[in-house]
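Put together the whole structure using the sequences plus the hints.
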Amino acid sequence: MQTATQIPTDVSFLEYRKYKGIFNWILSTDHKRIGLMYLYSMMTLFFVGVALGLAMKLELIAPGKTIMDAQDYNAVFTVHGVIMIFMIVIPGLPAVFGNFLLPIMIGAKDVAFPKLNLLSWYIYILGALLVIASVLFGNGTPDTGWTFYAPYSFKSGTNLLPAIFGAFVLGFSSILTGLNFIVTIHRMRAPGMTWLKMPLFPWSLYGTAWIQLLATPVVGITLLLIILERVFGIGVFDPALGGDPILYQHLFWIYSHPAVYVMILPAMGAISEIIPTFTQKHIFGYKAIIGSTLAIAFVGYFVWGHHMFTSGMSGTAQYTFSILTFLVAIPSAIKVFNWISTMYKGSISLQTPFYWAASFIFIFMIGGLSGLVLGALATDIYVHDTAFVVAHFHFIVFGGVGFSFFGAIHYWFPKIWGRMYDTKWANTGWLVFSIGFLALYSPMFYLGMQGMPRRYYDYLEEFHAANILSTLGSWVMTFGLVIIVINLVRSAKHGPKAEMNPWNGKTLEWTVPSPPPVENFEEIPVYGEKDGPYEY
Amino acid sequence: MEQTMIHHDSHYDPEASKIGMWLFIFTELLLFGGLFIIYSVYRFMNPDAFHLAAKELDTTIGAINTIILLVSSMTVAMATSAIQNKNIKLTQILLGITVVLAIVFLVNKYFEWSAKFDHGIFPGSEHLINDMSKGEILFFGLYFVMTGLHALHIIIGMAFIIFVMVFVAKKKVHPERYALLENSGLYWHLVDVIWIFLFPLFYLIT
Amino acid sequence: MSNEKHHIVPYRTYIFVLLALIVLTFISIAITHIELADYTVAGALILASVKTFLVLTFFMHLKFDKPYMRIMVGFVLAVFLAVIIITFLDYYYR
Amino acid sequence: MYILANTTHASNMVEGVDKAFLLILGVSFIFLIGLTITMLVFIYKYNKEKNPRATQIKGSNTLEIIWTVIPTILVLVMFYYGWAGWKPMTKPPKDSFNITVNSRMWNFTFEYENGKKTDTLFIPKDKAVKLNLRSMDVIHSVYIPAFRVKQDVVPGAEKFLWFIPQKEGIYELFCTEYCGLNHSYMYNWVKVMPEEDFNKWYVDTTQKAMAVVDSPTAAGKRIMTNIGCFACHSIDGSKLVGPSFKGIYGGQRTVKTGSDERQVVADDEYIHRSIFDPNADIVDGFNKGLMLPYTTQLTEDDVKLIIEYMKTL
Ligand code: HEA
Ligand code: HEA
Ligand code: CUA
Ligand SMILES: [Cu+2]
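Top to bottom, those sequences are chains A, B, C and D.
First residue of the first sequence? That's 154 in my numbering, and the numbers climb one at a time after it.
First residue of the second sequence? That's 91 in my numbering, and the numbers climb one at a time after it.
First residue of the third sequence? That's 5 in my numbering, and the numbers climb one at a time after it.
First residue of the fourth sequence? That's 1281 in my numbering, and the numbers climb one at a time after it.
By construction, these hints were calculated from the structure, which means they are not laboratory data.
The reader is advised that the hints may include incorrect statements.
[To be verified] Estimated spans, in silico, between C-beta atoms of each pair:
no. : chain 1 : residue 1 : chain 2 : residue 2 : range
1   : A       : Arg643    : C       : Arg98     : 58 to 64 Å
2   : A       : Val679    : D       : Ile1345   : 54 to 60 Å
3   : D       : Asp1557   : B       : Ala205    : 52 to 58 Å
4   : A       : Gly345    : C       : Tyr96     : 46 to 52 Å
5   : D       : Asn1567   : C       : Tyr97     : 37 to 43 Å
6   : B       : Gly238    : D       : Lys1584   : 47 to 53 Å
7   : D       : Leu1312   : C       : Arg98     : 52 to 58 Å
8   : B       : Leu242    : A       : His647    : 50 to 56 Å
[Unchecked claim] The calculated BS3-like cross-link candidates involving lysine-lysine, where the alpha carbons are at most 25 Å apart (straight line), are:
no. : chain 1 : residue 1 : chain 2 : residue 2
9   : A       : Lys308    : D       : Lys1568
10  : D       : Lys1447   : A       : Lys308
11  : D       : Lys1325   : A       : Lys498
12  : D       : Lys1536   : A       : Lys440
13  : A       : Lys308    : D       : Lys1536
14  : A       : Lys577    : D       : Lys1568
15  : D       : Lys1396   : D       : Lys1480
16  : A       : Lys498    : A       : Lys350
17  : A       : Lys268    : B       : Lys108
18  : A       : Lys268    : A       : Lys440
19  : B       : Lys176    : C       : Lys70
20  : D       : Lys1584   : D       : Lys1397
21  : B       : Lys224    : A       : Lys308
22  : A       : Lys218    : D       : Lys1519
23  : B       : Lys224    : D       : Lys1568
24  : A       : Lys659    : D       : Lys1328
25  : A       : Lys498    : D       : Lys1328
26  : B       : Lys179    : A       : Lys268
27  : D       : Lys1397   : D       : Lys1407
28  : D       : Lys1338   : A       : Lys659
29  : D       : Lys1407   : D       : Lys1299
30  : A       : Lys577    : D       : Lys1397
31  : A       : Lys498    : D       : Lys1299
32  : C       : Lys67     : B       : Lys108
33  : D       : Lys1325   : A       : Lys659
Just so you know, even glycine gets a beta-carbon here, dropped at the ideal spot from N, CA and C.
Structure (structure tokens):
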């Protein structure tokens, strides 16, 4: 930071060297490099998670033992859930694209606290290592599910301490990122960029950051209590000592429900950037989208009980949570309507990011609408903890967040690496992936309605057929993923050079060279009276 | 809402670090908030046991510690005024008093806890598990967790203030640039606010 | 870059606030000796909230900060309060 | 598929639940299909080739209001049906037939008021049945898909589940709250019988009488089967969650008592202690805390019978 004046403005952030070799990365406080470091570490973990997911599907291809024992299966879905939730989709878009793009999109040279930003990455890595340590060392991989429900979480003899502590540490990383973003947005917007001229992706990060800040500490303390419970037997949630296991669930979901909006809001933000660019049109209902972002963030804080409809809460709590859950669905509906309306009378160019965005809308609708089934009392009691829930959250978490992530990476790829990918392969990858996705998760809706419980290592013969289809789908989808990843990795190195603004986007990141120089802007841009993020 | 008076010419933005500190304080509040939720639920479920158990705690020590924290909060707050008045010496004295008071608080806490331990009251102890009702076990579990976590925050806050004192001595924190001092004060007040609630909840409502 | 000069709080203000806080502490100790039954908890919490309010406004300078700070603090406290109330919808009606 | 195909209702809860389900699914499909088609039409019609210049439209307050209000009304209707289907589940009739469900890792046993214990749930048709749910260890959940009912079994709390079975037959009962190793094997069967048959079965004490007449070892085995020891212990020497019972009686054991390791012989006293205070001695290679004290579940006589049976292994 102190060397600001000596940093050249014409060298791209990828080429700039200050230290030797790898230290250029791991000591860098440049928000762009930190974003990429998150991307690379997440990708590594992500492949582990995917492999575990595939292993589960392989196990479930037939009843009885296929490739592993019950204990292994339980460990596999636990680690799969912990990795995917705490390490991939919660930090996902904010840490990767938020870090890379937020300062550029609001016309700043960096985030408000660059060193803290780097520290967050280290904390993230520490948390990830702790979770991995719980797998590799000690007496048995954790087997509680990612929810760590009491009292099983202190009855289980497995190596839970490092895993829970890891989740706790990952929470801190997320808090610090959120803190950094809020301050950045408050203090560092370009002159003239009023709140209502800020692009929608930063807006979604702003909403997200508040959730991260206010919800994460609650799960932090809850996980800490589980640790203390296991180590000292203090008895806060242990029914044998007077505790109430349902209170654990309340505290866990007070965080973990808002956390699902931590995942989806930035994803929605990215979609709200892609659609105007590829329709070459001002986004429809800019203010409505901002309003719905804030409404989701706010109301989403008060619906956690819908994960506990069968736990034996009071009736009053049950229907209050049910009605609040339905209310939080409305802002999502508003967004969908606005996105589709943006396409009306646009000039749509069908490129890879737009394919991802349009399929995002489709998949997100399925996931979200199935959430309505879960939000209604009678039906949730029927499908709670069945494969239906598994289908719901895969559709929305990784159908939603994953599709948006891939859309975003194809959209900002030329900006980040300064090169273009092969469009043909990218589109093929998208198609294979989407087909595989639908084949993988749609059968789970059916299984859930039939009554197959989740977290089942073994199942009755009547559930067999749908499981076979699902497993086949998982292979197709992985094939699609391989195509996408190979194409992107190859192009990042060897693709043809990209222009500054290949899609004719109007937000600020398209006004700087690709890849952006170290300090982003030679001169801080100034927004005039007429300027705005989507003025085509 | 705040106006767009954004300073790009300098990297020192006291307003930014102050917002940052406040946001951090919010997370701390919610961290304890989780514990307060647990406390209130269990108190609601076991009113009589909590009543009995609270009688075991010594109101006098609690009250003394409350006063100590309140005074120390004032001294930190005054330190901010002192540095603005360019009175470095007074600043250091006030911060020093704060640290001393923090230590006294911890010493008190130490004696209080060890008295409990001597009575056989500690998490997982035989006395607790065999002779006490479930509500009492919960009360003492929460007592140790909450006061323990609070004591940890006292230690962190103290370290923060000592760190600031060093910076003041090195003139890195000075009348034109005192955001760090202000932030350490904010943190210290947070610790105070939490105690303001812990004290009646554990020592008073018997 | 604090060209807009900060408001310097006189020491006197702090001393008054401290005195008020100590008085409130003694009041809250005193009322626990009176039998108020169910209201003991409420009384203690109200006094603690008043004390917190004083600390926030004066010691933590909210009075002298820009209004959006106050809005944020109020918002956070309101969210927390709402969470407690909603949690009690379960326990109170169970 | 239960939800869509079951025209004759297996319990009184089915109608309310399925109605809500169909309503929500119906509305969802209308929106999903409608919006998807709209989107595809826009993509086709306003393609760059067809429509090279976009018309800038920034929004419309009328539309925003319309598409806020309509979904709000729809979700309130959905809420209502969800609520209406759920409400009866909370109110068991006073004269219900009570059965206690004891759950533990990893089986359920059903205890009737006359002392009968079974591991299949036998219930009379057209009579309100109330299951009182008890857990000894962690949270489980009783789920009978055909009846559309589910309730978590929380240790230390009293929860219940009720329904009126309306169709004869055999149905699945699953544990749906993850509870450890054999969670997926924690399922039983529900058998709905006409009332006369049920009554005949209910008062039939021959099963019990048989236990007395049988050799003592058979009685021990029956007790252990009913209460679910074999979820964790095998009799063929294979290691499950707990040690196998093969050759247990009189055998040498390495156990941890507190932190000391010692050798013991598995005699009457040791087995007795292992059942009533399992955490006192932990067998080498196994985990503490998994097996729970059976103090309230087994009598001294039961344990004697169990020991008799173990002698034969
Ligand atoms: C990104 C993450 C994400 C998101 C955004 C959501 C969004 C929603 N979720 Fe989901 N959910 C999860 C991730 C997510 N969920 C996860 C991970 C779990 C399982 C956790 C576990 O147990 O392991 C879960 C579980 C879960 C449950 C608990 C199920 C159970 O265990 O019994 C419930 C219950 O109400 C629920 C409801 C909803 C609802 C109503 C929404 C709404 O926000 C959806 C809103 C969207 C739409 C409604 C679609 C778009 C709108 C239209 C197409 C217009 C038409 C609309 C109307 C007419 C209203 N979810
Ligand atoms: C983001 C979340 C996420 C993702 C991506 C996945 C991916 C996969 N999951 Fe899932 N899963 C969970 C979250 C996720 N899962 C959770 C929370 C649980 C519950 C655990 C529990 O019960 O405790 C669960 C449980 C779960 C089960 C149920 C276990 C049971 O109840 O018995 C199964 C069953 O087959 C399964 C399968 C799969 C498969 C085959 C894949 C994959 O192999 C599919 C391959 C994926 C892709 C091809 C690409 C997706 C791309 C992205 C997400 C973007 C990438 C982003 C970055 C790199 C930053 N998962
Ligand atoms: Cu018992 Cu799952
Ligand atoms: Cu939720």
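Okay, the hints, checked on the actual structure:
no., hint, result
1, Arg643/A - Arg98/C: 58 to 64 Å, "holds (59 Å)"
2, Val679/A - Ile1345/D: 54 to 60 Å, "violated (35 Å)"
3, Asp1557/D - Ala205/B: 52 to 58 Å, "violated (33 Å)"
4, Gly345/A - Tyr96/C: 46 to 52 Å, "holds (51 Å)"
5, Asn1567/D - Tyr97/C: 37 to 43 Å, "holds (39 Å)"
6, Gly238/B - Lys1584/D: 47 to 53 Å, "holds (48 Å)"
7, Leu1312/D - Arg98/C: 52 to 58 Å, "violated (38 Å)"
8, Leu242/B - His647/A: 50 to 56 Å, "holds (53 Å)"
9, Lys308/A - Lys1568/D, "holds (8 Å)"
10, Lys1447/D - Lys308/A, "violated (40 Å)"
11, Lys1325/D - Lys498/A, "holds (8 Å)"
12, Lys1536/D - Lys440/A, "violated (67 Å)"
13, Lys308/A - Lys1536/D, "holds (18 Å)"
14, Lys577/A - Lys1568/D, "violated (58 Å)"
15, Lys1396/D - Lys1480/D, "holds (13 Å)"
16, Lys498/A - Lys350/A, "holds (23 Å)"
17, Lys268/A - Lys108/B, "holds (16 Å)"
18, Lys268/A - Lys440/A, "violated (34 Å)"
19, Lys176/B - Lys70/C, "holds (24 Å)"
20, Lys1584/D - Lys1397/D, "holds (19 Å)"
21, Lys224/B - Lys308/A, "holds (19 Å)"
22, Lys218/A - Lys1519/D, "holds (17 Å)"
23, Lys224/B - Lys1568/D, "holds (23 Å)"
24, Lys659/A - Lys1328/D, "holds (18 Å)"
25, Lys498/A - Lys1328/D, "holds (10 Å)"
26, Lys179/B - Lys268/A, "violated (31 Å)"
27, Lys1397/D - Lys1407/D, "holds (20 Å)"
28, Lys1338/D - Lys659/A, "holds (15 Å)"
29, Lys1407/D - Lys1299/D, "holds (23 Å)"
30, Lys577/A - Lys1397/D, "violated (66 Å)"
31, Lys498/A - Lys1299/D, "violated (40 Å)"
32, Lys67/C - Lys108/B, "holds (15 Å)"
33, Lys1325/D - Lys659/A, "holds (24 Å)"
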